[in-house]
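Spelled out, the chains give:
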Amino acid sequence: MQSEEWKFTAKDIAEKPDLFMSGHRACAGCAPATVMRLIMKAIRGPTIVTHATGCMEVVSTIYPYTSWAVPWLHTAFENAAANASGIEAALKIMKKKGKIKHEHVDVIAIAGDGGTYDIGIQALSGAVERGHDFLFVLYDNEAYMNTGIQRSGGTPLGASTTTSPAGTVIPGKLEPKKPIADIMVAHEIPYVATASPYYWRDLITKVRKGLEVEGPAFLHVFAPCPRGWRSDPAKSIELSRLAVETCVFPLWEAVNGEYQLSTPSKVLALAPQKKKPVKEYVAVQGRFRHLLTPKFEKMLEEIQRITDMRWQKLLKKCGIA
Amino acid sequence: MVKEKAVLTGMHFMSGDIACAEGAIAAGCRFFAGYPITPATEIAEHIASRMPKIGGVYIQMEDEIASIAAVIGASYAGLKAMTATSGPGFSLMQENIGLAAMTEAPCVIVDVMRGGPSTGQPTLPGQQDVMQAKWGSHGDYEIIALSPCSVQEMFDLTIEAFNLSETYRVPAFVMADEVVAHMWEKLVIPPAEEIKIVNRKRANMPPEKYLPFMPDDDLVPPMACFGEGYRFHATGLTHNEYGYPRTQSSEVQTKLVQRLCEKIRKNADKIVRAEENMLEDAEVVVVAYGIVARAALSAVKKAREKGIKAGLLRPITLWPFPEKTLAKAAENAETIIVPEMNCGQLVREVERITKSSRVFHLAKLGEEPHSPMEIFDFIRRKHK
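Listed in order, the protein sequences are those of chains X and S.
With our numbering applied, the first sequence covers 1 to 321.
With our numbering applied, the second sequence covers 1 to 384.
Some clues are possibly wrong.
[To be verified] When the alpha-carbon atoms are kept at most 27 Å apart in a straight line, the in silico DSSO-like pairs for lysine-lysine are as follows:
id, chain 1, residue 1, chain 2, residue 2
1, X, Lys16, X, Lys101
2, S, Lys3, X, Lys295
3, S, Lys3, X, Lys298
4, X, Lys295, S, Lys53
5, S, Lys5, X, Lys295
6, S, Lys186, S, Lys266
7, X, Lys298, S, Lys328
To be clear, the hints were calculated from the coordinates, so they are not data collected in a lab.
Given the structure is predicted, the values throughout are model-derived calculations rather than measurements.
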């Protein structure tokens, strides 16, 4: 495919038929559903989707409907990447034997943060080590929302969930978010990127790059969940912008292990005065509400410190600063 | 550190899942490792909010394999430990359940059964894991499994599970179902001093005399926990009394595995519990457990009203199964009816024990449990 074929202008996107269709049962303000739709705007031809257990699996396939206009498989919680491995390896040998005529059939594995950071990481690590040619998309809404907001390895420091409840003893989750995308870069795979739905063109472009690259690709997509984050359903996309502007969730790509900032984050690297304080992001979410009380203000400072530390590390990896 | 009472003595209105969590805490459980799964999540959620206030540990693990493995570790470190899950998680735990049986680590596993196989029906009840509880891990071993039919029993039997697990050093299961777990009912929590608590038999001999897997007469070895001054070596490999692997010895394998089975089988009379309702003269014996037993009791009463001599046997311990109670009830029975929310699991045990050709299974899948009328109609149809 040539690069001019994927300009992904608003007009192109509007004209391209949806492969993740309306009528699903996601909550009002669900960013993951927007993310699914954007992902499916990026595909280049025959595509198979395998989907770990999670919100998006459930809400998109409520009987008797499906939102998926592509072959779609629900796996167990832990093994979307292993499942994709099997699909990809089988397609490869069938293609070799001439049983499949298509130039390429893309395989996308989709999982939430639980199915990626926690229960799914063994299958994911194994699949990319074996080098299967597939794209793994992590839609990260930062907790187990499908079972009712339990903390995951992707839940940020200080967030209150039903299994890290802020109260008289603990200030929400005691551990910072696992740097999953860096862990995937450490696997030395050809393509790793982060994306956020406010920057929709950046997101779609990255999906396409992940599909076109030979070998495994990993895309970490930030996906606000108003139910779980106790945030205004009308502000989900705004939150996905604020996370980038505060450097809570910087946007970058690592192509063959070479880190480079994507434009929205690069702007902040070049003009640090534009970087917003984490408090602006935290203040509009109920899951962090306790951090605004004097009792837990130290935790808020800690979140800012970790955010800055991770941002500085990233800048170094990108050869800036 | 302790900010709340562990035993919430008094009368409550609670869900089964929350009652189960309170039962665990009342039993002395201070370690819970778990992973969210419908319909057992509320147990973890409640424990997560309670443990910090009573000086206990809640850890959310990365999956169910890790959850049960952490529970085994905590049990050996010296805490009473538990995890809670549903079918898919229960399947993932099976290898480590074998490890717990083999290393004789006391632990409690709650399985809130939903419809399976695979992801199945997360929000609907099932009784499809009862055979898996008994046979799920590879190799020969015995476990104890209890079946609660009410919110009160979610509390009581969770305590019982801890007591049995500590007594016999086996994994003990609370095999609940989605209805019992999510239903809200009255729960009475007695004063702490009235709750019977059993703690594991500790090693009290001088360290040089201690053999970690040398059983007493009851076939259960006293347990030293890590750091108590006793040399300790535990392994999932076939091991002798010292805990050392003897993987080539038929003698050691036979002795160990038979003891793992016999410590439960020979003590079965002490473990087994069943509720008997109107069985003395029963011509129709209904065998039902969990939430189904409550519909079955109504059905049996209705049958009595209509002149059918029916009775209900409710196994409270599914494993070991109340064989003697059933055999006695079946002696004079003409018809035996087993309603279950599965395609026929515990009915096989009933057939095996009664050797009756008039055992009928009433399956119910994929929706509400059996209604009393459904069971009553079945009784009337089958009993002629």
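Here's how the hints hold up against the structure:
| no. | hint | verdict |
| --- | --- | --- |
| 1 | X/Lys16 <-> X/Lys101 | holds (24 Å) |
| 2 | S/Lys3 <-> X/Lys295 | holds (17 Å) |
| 3 | S/Lys3 <-> X/Lys298 | holds (22 Å) |
| 4 | X/Lys295 <-> S/Lys53 | holds (17 Å) |
| 5 | S/Lys5 <-> X/Lys295 | holds (24 Å) |
| 6 | S/Lys186 <-> S/Lys266 | violated (36 Å) |
| 7 | X/Lys298 <-> S/Lys328 | violated (67 Å) |
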